Amino acid sequence: AQTVTQSQPEMSVQEAETVTLSCTYDTSESDYYLFWYKQPPSRQMILVIRQEAYKQQNATENRFSVNFQKAAKSFSLKISDSQLGDAAMYFCAYRSRWGFGNEKLTFGTGTRLTIIP
Amino acid sequence: DAGVTQSPTHLIKTRGQQVTLRCSPISGHKSVSWYQQVLGQGPQFIFQYYEKEERGRGNFPDRFSARQFPNYSSELNVNALLLGDSALYLCASSFWGTGGDSYEQYFGPGTRLTVT
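For the protein sequence lines, the chains are A and B, in the order given.
Residues in the first sequence are numbered consecutively from 132, following our numbering.
Residues in the second sequence are numbered consecutively from 4, following our numbering.
Since the hints were derived computationally from the structure, they do not count as laboratory data.
Please note: incorrect hints may appear among the correct ones.
Pairwise CB distance ranges (calculated) [as the list claims (entries may be wrong)]:
id, chain 1, residue 1, chain 2, residue 2, range
1, A, Q139, B, H13, 22 to 32 Å
2, B, A5, A, E183, 24 to 34 Å
3, A, I247, B, E56, 28 to 38 Å
4, A, T151, B, P73, 20 to 30 Å
5, B, P11, A, N233, 21 to 31 Å
6, B, T17, A, T136, 28 to 38 Å
7, A, Q200, B, Q20, 42 to 52 Å
8, B, N62, A, I247, 35 to 45 Å
9, A, S161, B, Q20, 44 to 54 Å
10, B, T17, A, Q187, 22 to 32 Å
11, B, H13, A, W229, 32 to 42 Å
12, B, R70, A, W229, 38 to 48 Å
13, B, Q44, A, F195, 15 to 25 Å
As the structure is a computational prediction, the values presented were derived from the model and not from experiment.
Backbone N, C-alpha and C define an ideal beta-carbon position, used for all residues, glycine too.
Extracted from the complex, chain B is given alone in its bound form (with noise of 0.2 Å):
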């Protein structure tokens, strides 16, 4: 089975623009989350979805949203990016069991963001 993948793989923007990254979870998760990595340090969270509804929120500015789609997909957009928003980009999909729990969160190989 395919496991997560996000596309694109790396891109460059200039300050103020917008970006949308994308990301596919693995066949039957539902749950999606998203999160930064800037250069030597942990990721941090920014978003968690499931069943296309907000679950969680990181300290992100609100120049950070997300959606689910019907099919788990998730899209990250960020606008006016500031040259501090260059990172990695993290996405995990999930499986919840019926207690409303998932054992392990399964990792996409991220998106590569460079602001210039």
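For reference, chain A alone in the conformation it holds in the complex (with noise of 0.2 Å):
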């Protein structure tokens, strides 16, 4: 079975900063689908960002960008130019590519990113 865990409850970080999410993952299949969501106080879990493991460009969405490090089974997630609206839970999740339709997903326990103003 596949687990993910991230390793920090909490991360604050300065409003226009750069700050890290880590996050790493368990699996011994090798194509698989990494993503991270955002869940702020309204509890709509949003797509943030979505890394193919058979790719070795790290995918980037605007502010937001990976390191992906396949061999390390780590999937962190960076945000450049932090803004206020980035205020949330964000969660990494996994997902198997094995399987016609095969669309669990499966969650860490998330961080709790405060952006400080």
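With the hints in hand, could you dock these two chains into one complex?
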């Protein structure tokens, strides 16, 4: 079974600064997806960024980028130019590519990000 | 377009009772998944349905069941409620391409269930 670990329960960053959230995972599979989801106080889970394991290039979405280290099973999220609206719980998630239509997401325990004005 | 909708927003039940939660996917989405999020934890996968067939089941007891209707909406039923069932229940929908894969699951706002 796959597991996802987020070792930082809480992080804080000054507005406009850069912060990195850590995530490690364990799997015996070679083909999978990794995600970062954001959950603000409104509880709506929002996709931040997605990485396909077969792609060596790290995914980037505007101010959000990842550092995907497949051999180390590490998947960190970097948020540049932090904004007040970035304050939320951030979850790392894993999804296998095996099995037709398998959409099960395995989540970590989350990191609460606080932005300091 | 409307996003994933869930009802009710919040409900309170007593131990031993039964509850039904409802989810309407985004128009055109045929896959619906359910997750349980206990306070302070990440969501846990409960079920996935596609075209009214169960595609996946998480490690939950038989007290949990679900179904998907012809219009792709879904219900999650929980029988014999326990205090430990208190959680936020999230529904997610997705669109599958011809390769049997989806890019993203879109989540609803959740239903907050409190069992007393």
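Unsatisfied constraints (hint numbers, rising) = 3, 4, 10, 12
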